[in-house]
Amino acid sequence: MFVSEKSTGLFASYDRGGFFCEMFGGDPGAARHTDAIRERMRQLKVSTLKRRSRQSDRELYNLGITFTVYSDRDAIDRVLPFDVIPRVLSRDDWQHIESGCIQRVAALNRFLYDVYHEQHILRDGVVPAELVLENANFRPEMKGLDLPHDTYVSICGIDLVRDGQGVFRVLEDNARTPSGVSYVVENRHLMMRAFPDLTNNVGLRPVSDYGMHLQAALAEIAPRDVLDPNIVLMSPGVFNSAYFEHVFLAREMGVPLVEGRDLIVEDDVVYMKTTGGLRRVDVIYRRVDDAFLDPEQFNPKSMLGVPGLFRAYRAGRVNLANAVGTGVADDKAVYAYMPRIVRYYLDEDPILQNVETHLCREPEGLAYTLAHLDELVVKPVGESGGYGVVVGPKASRAELEECRKCVEKDPDNYISQPMVELSVCPTLIDDAIEPRHVDLRPYIVTGKESWVLPGGLTRVALRRGSLVVNSSQGGGTKDTWVLE
Amino acid sequence: MERAENLARILEVNETFARDERGANDWLPILKLHRDEERFFESYKKATSEDVIRFYIIDADNPNSISYSVRAARENARSIRHLISLETWVQLNVFYNWIASLTGRNLRLSELSRLCGRIKEGVQLHSGIVTSTLYRDQVWSFYRLGVFTELADQVTRLIDIKYHALLPSWKDIGSPVDIAQWNALLRSASAYHGYRRVYPAGMSPTTVAGFILLSPRFPRSLTHCVSNIEATLDGLLSNEDLADVSFPRDSLETLKSLTERSSEDVITSGLHEYLDAVQIALLDFGSDVASTFFHAAPSS
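Chains as they are written, first to last, in the numbering used here: chain A, 1 to 484; chain B, 1 to 300.
With the rest of the complex left out, here is chain B:
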């Protein structure tokens, strides 16, 4: 679900980028970002706005599409339906049925912003329902670990798309177009107002990227996600049922040290490399969770 929401955010932000002067290539970065170029060009000729949007929203064959992600979320929910609340299941079911009913007509550029808005709203509703109805046992802790791991991964991708978009034209940094793009990025991440409160004047790549990635008070930031992951994990491990479980903390420590870097340091030493390191650490953390908690029993 978090993946679906973030895709909606990325499509929306890219639609804003595409409105600027640069031409037809503009939808390519999204494909690069998800390493989807090969799969995309198997089915489509050119990265037009129409086809990329179709590919990422309703293409059921694309495992990175919103339709595919929501369907996977619903199938997962079906298999754990005895653990989640009825409201959670019904909303997800209705949401999925709506996504599955979308056709090309719903994807026109003039509708895209509204459509992405509804998708975000559906995911936010999901998260609100889960938060207010899920019984607070281990299921809740694992749900939170999953959400924050995914959010952390997604925020790095959101920044990465800006990085890709910038690549051909470093010379434009600080130009009006550049500023407009950072501005759009902030808004797409629901970070604009928070950013303005911290930085009332001006806008620089360092402060914007720094804010979205590292502000402990911005709820989608890496720092916020990682501190929630740690708190959730500690809460989980204090559960007496899990007294015998020992969790290797290396990947978590790596993540924490990454969030303790300064934004200047991150930008100067290479944003892209930094984002890569975060993504790798998140993957490691995910597999630590899986091997600690879900393969603990001897398997036959």
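Next comes chain A alone, as it looks inside the complex:
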């Protein structure tokens, strides 16, 4: 009883171009879970969709859900493009993702505990010691420090892609200060307002309780002697491009939003300056990088930090989320070892697979990479935001030669991966519905235990054929629906 997918209505001329499609699946009739949603969407005209899309853009702008680009005299507010066609995940797919993410975060936390304590995994030779100990994000200052529940990564964003067979694979772990969760919640609110006819009664798992879960997790990691912990969110300030998200999270949690200058450390206790005097702080969700946290300990030129903060942290008088030094675990080179790290600590097979990864630091990985440059995606280990990535099949001869030189000069700094055929999702482009590639970043919040926000951030590469979803490179977002 397969329904023909070449039906009339909104998707009449939609062609998924041979890619795995989030709305239509890989084979005709495969994506049963979106039946009801597709049926509702077919009733809509493209012009209706365009009108509601324009209204949504206007609303994002009015709500100030923007990232701000500052020049010398102007503050330019940009809206992250929002596509109104949702990305829908079935219950089964979600259960798989959810358990895989929880497993991965558990392994990351065990790994971080180990490298900052006995370093069994290095001594057993599972992960090369120099990869960890000589990593710029390894913080020797963290050695021997015990954290509540041994939780290092309280907020984790794991970037997933879906390959041509519809299999989810991990592309990257973000264990420092992953951003974007505010868009997940705001996109949903926007969809509920703009498309009551689509969202009503389809069994959507809610996302608006993220703030409560985050607050509860942060309370759990407070230093042990505190019953009613005082949590604050520490932002680099109003000029940070993610400032909107910092405000959003502080509001959703109901906690004060502070900057470094609002905090002070006395006798290894952190206080917040208030109109009524000093108030003790127990947990800091910091959206400030390690290097800028404390000018006494790290970058002495930091104006964003709080002198003495690290001493208070080491003394166990305050906790930070995420912990200092988590960057050593989400490094692209360490990533390649994640399947082995999962097996080593948990004695389980990884639920979510990595994308096959060649380490240029290893001779065979380097040889393979250089021999197949035009087929591979080459990434610098220490960069984020999609910078420095060379997509072999799409690169020019000159770009490939440039890339070859960089890799040969500093092989340790590069990994390569086969080009994953990212899944697509129907997307409103001008006057038509076209396939565009998407990824998915679920958010895992961990205090004593882990909780995964149902859904996560779906980023979409709005340029035709592009595989780069980063907002700095022409990416937008979609609402992500997890069905009950």
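If you're looking for bench data, these hints aren't it; they were derived computationally from the structure.
Bear in mind that the values here come from a model prediction, so they are computed numbers and not experimental data.
Keep in mind that the hints are not guaranteed to be accurate.
Claimed, not checked - Keeping only pairs whose Cα atoms sit at most 16 angstroms apart, straight-line, the calculated EDC-like set for lysine to aspartate or glutamate is:
#1 A:273 with B:241
#2 A:273 with A:262
#3 A:45 with A:349
#4 A:50 with A:434
#5 A:273 with B:12
#6 B:120 with B:12
Unchecked claim - Partial list, computed: chain B residues near chain A (C-beta under 10 angstroms):
#7 74
#8 78
#9 82
#10 83
#11 138
#12 140
#13 239
#14 242
#15 292
For each residue, glycine too, the CB sits at the ideal point set by N, CA and C.
Given chain A, work out where chain B should sit, using these hints.
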């Protein structure tokens, strides 16, 4: 925001003054009032109505312009966005985007009254939204202190512009032109009807200035602002979180004694000097608030 509203009121009242017989000089008092002559003449040749209006509404380089004030209000709101309501933020954001989109075409004299009306309405909407949505904690008290301090300062400036406009022609006092101007002033401050209820007949500088500055029932008057400042401050200080805070009341006492003067006394002893004294006391009060509540903690 209060500054933006008052500028809109001043521009509107001046536009009314400029309609009278006196000539091209008429926009100069506004520049003098804000001590902006130097800055203005750096960018413009003559104080024409067109240029002064542009300077005060859309000139983003002029820190006294409406555009600049609203932008500053929005940037402040952005930095305390976790404390204010969503509605407050959205309205301010939309309002700012509208102001930022204004061009010379929107500033024509024929449009000015409507434009100033919309600006006032935007600020009043802001104040209404804040009043009906802001959580009543210390943030609310500080918001009120700020609003009433600014309103008190602005009302002195509104009276001052009339004083400046009058300077060249004391002999005209009581003439039809003079009466028309006081009348316009009352209307621009939304004080006309209140004034009429208290003084059903006639109109004199003493009663008009006295009413706008000193009537305890007129919501923009100095007296009304100062009594609200005192009540808000007392409410704030009774908060147990602030039990250890002691506030120096000298500047507030000065303000109170200024509002207890009679209008005859104020006019005869010099209106301009009186307004100056009020402005100085307000500045002192503002810095007392800042040093008491916002530098209380030892700073590193």
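Hint by hint, here is what the structure shows:
1. The suggested pairing of residue 273 of chain A with residue 241 of chain B holds, with an alpha-carbon distance near 13 angstroms, which does not exceed 16 angstroms.
2. Distance restraint check for residue 273 of chain A and residue 262 of chain A: the Cα-Cα separation of roughly 6 angstroms lies within the 16 angstroms cut-off, and the hinted pair is therefore satisfied.
3. This hinted pair does not check out: residue 45 of chain A and residue 349 of chain A have alpha carbons roughly 46 angstroms apart, beyond 16 angstroms.
4. About 14 angstroms separates the Cα atoms of residue 50 of chain A and residue 434 of chain A, which keeps this hinted pair within 16 angstroms; it holds.
5. With a C-alpha separation of about 43 angstroms, the suggested pair residue 273 of chain A and residue 12 of chain B falls outside the 16 angstroms cut-off, and the hint is violated.
6. Only pairs whose Cα atoms come within 16 angstroms are accepted, and residue 120 of chain B paired with residue 12 of chain B is accepted, the gap being roughly 11 angstroms.
7. For residue 74 of chain B, the suggested interface contact is upheld, since its CB lies about 9 angstroms from the closest CB of chain A, less than 10 angstroms.
8. Taking 10 angstroms as the C-beta contact cut-off toward chain A, the hint placing residue 78 of chain B at the interface holds, the least distance being around 6 angstroms.
9. Interface hint at residue 82 of chain B: satisfied, since its Cβ lies 4 angstroms from the closest Cβ of chain A, which is below the 10 angstroms cut-off.
10. Annotation: residue 83 of chain B was flagged as interfacial toward chain A, and the flag holds, the nearest CB pair being 8 angstroms apart, inside 10 angstroms.
11. This hint holds: residue 138 of chain B has a C-beta 6 angstroms from the nearest C-beta of chain A, less than the 10 angstroms allowed.
12. This hint is violated: residue 140 of chain B has a C-beta 13 angstroms from the nearest C-beta of chain A, more than the 10 angstroms allowed.
13. A hinted interface residue such as residue 239 of chain B counts as satisfied when its beta carbon comes closer than 10 angstroms to some beta carbon of chain A; here the least separation is about 8 angstroms, so the hint holds.
14. Taking 10 angstroms as the C-beta cut-off, the interface hint given for residue 242 of chain B holds, the closest approach to chain A being about 5 angstroms.
15. Annotation: residue 292 of chain B was flagged as interfacial toward chain A, and the flag holds, the nearest CB pair being 9 angstroms apart, inside 10 angstroms.
Hint violations for this structure: numbers 3, 5, 12, all remaining hints satisfied.
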